[in-house]
Amino acid sequence: MANTAHGIGGLKYDPKKRTKPPELNVFMALVLIIVTFEVLGWLIYRDSFLFNTRDNVDAIFNWARINIIILQVSIIGIIAIGVTQVIISGGIDLSSGSIVGATAMIVMSFAQTELVNGNPNPKAVFGAWAMDLPVLVPILVGLACGLIAGCVNGLLIAYTRIPPFIATLGLMVSARGLSKWWTNGQPVSFPTEGFAALGKGMMPVVYFIALAILFHLILRQTVYGKHTYAIGSNEDAARMSGINVARHKVLIYTIAGMLAAIAAIILSSKNLTAQAGMGVMYELDAIAMSVIGGVSLAGGRGSIIGTVLGALIFGVIISGFTFLKLDAYYQEMVKGAIIVGAVVLDQWRQRRTAARM
Amino acid sequence: MSDIILETRDLTKHYGGVHALEGANFTLRKGEHVAIMGDNGAGKSTFVRQITGVEQRTRGDIVFYGKPVSFAGPLDAREAGIETVFQTLALADHLDVADNLFLGREKIRFKLGPFSILDYRAMRDATLAALEKTGVKIPNIHNTIERMSGGQRQCVAIARTATFHSRLTIMDEPTAALGVQETAQVENIIRTLKEAGEPLILISHNMRQVMDLVDRIVVFRRGRIVANLKKEETDGQDVVAYITGAKTQPEYEGAA
Ligand SMILES: Nc1ncnc2c1ncn2[C@@H]1O[C@H](COP(=O)(O)OP(=O)(O)OP(=O)(O)O)[C@@H](O)[C@H]1O
Ligand SMILES: [Mg+2]
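Just so you know, the sequences run in chain order A and B.
If you're matching positions, the first sequence starts at 1 in my numbering and goes up one per residue.
If you're matching positions, the second sequence starts at 1 in my numbering and goes up one per residue.
Bear in mind the hints are in silico, worked out from the structure with no lab data behind them.
Mixed in with the good hints there might be a few duds.
Counterexamples of contact, computed for chain A against chain B with all Cβ distances above 12 Å [what the hints assert, rightly or not]:
#1 Asp47
#2 Leu50
#3 Asp58
#4 Tyr159
#5 Val205
#6 Val223
#7 His227
#8 Ile231
#9 Asn234
#10 Met240
#11 Ile243
#12 Leu251
#13 Ile318
#14 Val343
#15 Gln347
Just some of the chain A residues that point at chain B, by a computed CB distance under 10 Å [claimed, not checked]:
#16 Arg46
#17 Trp63
#18 Pro163
#19 Thr222
#20 Lys226
#21 Asp236
The calculated label-pair distances, taken between Cβ atoms and stated as ranges, are [unchecked claim]:
#22 Tyr330(A) / Ala126(B): 36 to 44 Å
#23 Leu155(A) / Leu128(B): 34 to 42 Å
#24 Arg352(A) / Arg105(B): 54 to 62 Å
#25 Phe115(B) / Thr36(A): 37 to 45 Å
#26 Trp129(A) / Ala126(B): 52 to 60 Å
#27 Gly150(B) / Val344(A): 54 to 62 Å
This structure is a prediction, so every number in the text was calculated from the model and none was measured.
Note that the Cβ used here is the ideal one computed from N, Cα and C, for glycine as well.
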């Protein structure tokens, strides 16, 4: 029996002509969008979007803008990492924005300083016992919040067979309620220096990149990742192949909850305050980043690299609109259009693969 | 303990009002290859799903190697040594051949609970060896299942069963979508199992194949077993008579 490099059974196969990774298309889209803003910038304002045009700065690129683009997508990007693996497994998570809100409120309550400018903290939630705690305490509290929230999602979905859309919608509403009830709608402020340092400057970007690399490896190289794809691809087959689908789903949603909680810790630290309305609509942005990055809502398809690129596309578009001095309202409207466009593209991709079969 | 490998007593499955399987008494002996035949909807796949823990039976007992078993899921059945090619194939379309072959029992390079690191190289090598052994034609094992023909998919599912040693192999219409050569290859795999003394339950509509391969034929009709025929004591026409309902063996009379 003839045996080429990979081909068996005498069928011709050219290993060099491997199918190109789908992330390539997303990357091309990113480049295309940047070029579009660049051209529009020169046409309308005689200014560059990407390149440095100031004489007093010695740089090729406009690093200030690039940094802002990356920074502003980092925190939602962390949520998107969790959402990506949820969607790959064939599910959806609408609760992440509310988990951010509730976790931020609770975390900040354990991160407050006793004295603000020599006066007692005016926003103190608890008594003196909860003041000036080591930074590890709010971090662990936050992770626990995410763990519990994600676990609730996972258990509901895996064992009551409620569709993920409904289960996570429930937590989306409840967790938002919790974050308002926590302090009767009052913001929680004045964190310790140690806590404030967590999300300072470009730190969110560092966490985002680190977590993206970690989860890229987890999805590609571990049993967890393989089973996540398998469940999203064909849940019955996964079950018949002996995968404990219910347990795996609990794990997936728990991890998504914990990533949302990490985002909450970083966000509240960066803003030096937590408010009940924090994270509103973040779940949709995170889903949009994933879908733009090529994650299929039907499950089984997508990658962290794609989602990171999707997040960058997201950031570039928002930044580009500011650059073109377009109103914030337009931004939201266009954001909606992008989400719908990405889903349409996903449907179209699926039909095409179906047609090939 | 006798030489009975699998025995079902009064195995029954109702889907709501549908009596898909009713009081099936079935035995399989050491090294024996048995075919299950019957028209579409006769309950053959249902029978398989009860044995393999994919579904939970309505009532009845299953005895496997002398022990009463009640598999909570397919994983339990597999761990007990039952390898199954399901009629639905049970493949993950977005994964490639090696991924599917080892789905649920991946080779591990570094153990770390659910986050154990996969050993892609070992799985690929084992996959190539398995495909070689089974003579399955797949141009590129890195292709995802969704890019394969129906027959190739079936080959992957069969290679998956044939790769692992088992105490019982069940194949639900393994050659339904296959060409002449591929069918011959699958039949060769089955003969290899016979030589190795590994017992098999084969579900097939192909009379020639059944007559060629197995020792015994069990006929299902409308959810019930209506005949248990030694190959030497029957022929194609006889079997068809049982399948269509023209005949029923006396001991199953009243059942059907
Ligand atoms: N999940 C289910 N819910 C309700 N009815 C079912 C279900 N699965 C199977 N059935 C019914 O049970 C009966 C037996 O189905 P089964 O799949 O066992 O047939 P089969 O003998 O394997 O047929 P085929 O040769 O077409 O594969 C059929 O009437 C089918 O409609
Ligand atoms: Mg069937």
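Hints, one by one, checked against the model:
1. Asp47: Consistent with the label, Asp47(A) stays out of reach of chain B, its closest Cβ about 44 Å off (over 12 Å).
2. Leu50: 35 Å, holds
3. Asp58: About 45 Å separates Asp58(A) from the closest Cβ of chain B, which puts it past 12 Å; holds.
4. Tyr159: Fine: 14 Å to the nearest Cβ keeps Tyr159(A) off the interface.
5. Val205: 25 Å, holds
6. Val223: 5 Å, violated
7. His227: 8 Å, violated
8. Ile231: About 8 Å separates Ile231(A) from the closest Cβ of chain B, which leaves it inside 12 Å; violated.
9. Asn234: Violated: least Cβ distance 5 Å, not greater than 12 Å.
10. Met240: Violated, because the least Cβ-Cβ distance between Met240(A) and chain B comes to about 4 Å, which does not exceed 12 Å.
11. Ile243: 5 Å, violated
12. Leu251: 6 Å, violated
13. Ile318: Nearest chain B Cβ is 31 Å from Ile318(A), so the label holds.
14. Val343: 18 Å, holds
15. Gln347: 16 Å, holds
16. Arg46: Arg46(A) check fails; min Cβ-Cβ to chain B is 48 Å, beyond 10 Å.
17. Trp63: 36 Å, violated
18. Pro163: 21 Å, violated
19. Thr222: Holds: closest Cβ of chain B sits about 5 Å from Thr222(A), inside 10 Å.
20. Lys226: 6 Å, holds
21. Asp236: With a minimum Cβ separation of about 7 Å from chain B (threshold 10 Å), the hint on Asp236(A) holds.
22. Tyr330(A) / Ala126(B): 36 to 44 Å: 56 Å, violated
23. Leu155(A) / Leu128(B): 34 to 42 Å: 41 Å, holds
24. Arg352(A) / Arg105(B): 54 to 62 Å: Taking Cβ atoms as reference, Arg352(A) and Arg105(B) lie about 33 Å apart, which means the hint is violated.
25. Phe115(B) / Thr36(A): 37 to 45 Å: About 41 Å separates the Cβ atoms of Phe115(B) and Thr36(A), which means 37 to 45 Å holds.
26. Trp129(A) / Ala126(B): 52 to 60 Å: For Trp129(A) and Ala126(B) the Cβ distance comes to about 59 Å; the hint holds.
27. Gly150(B) / Val344(A): 54 to 62 Å: 29 Å, violated
In terms of the numbered hints stated before, the structure departs from hints 6, 7, 8, 9, 10, 11, 12, 16, 17, 18, 22, 24, 27, listed from lowest to highest.
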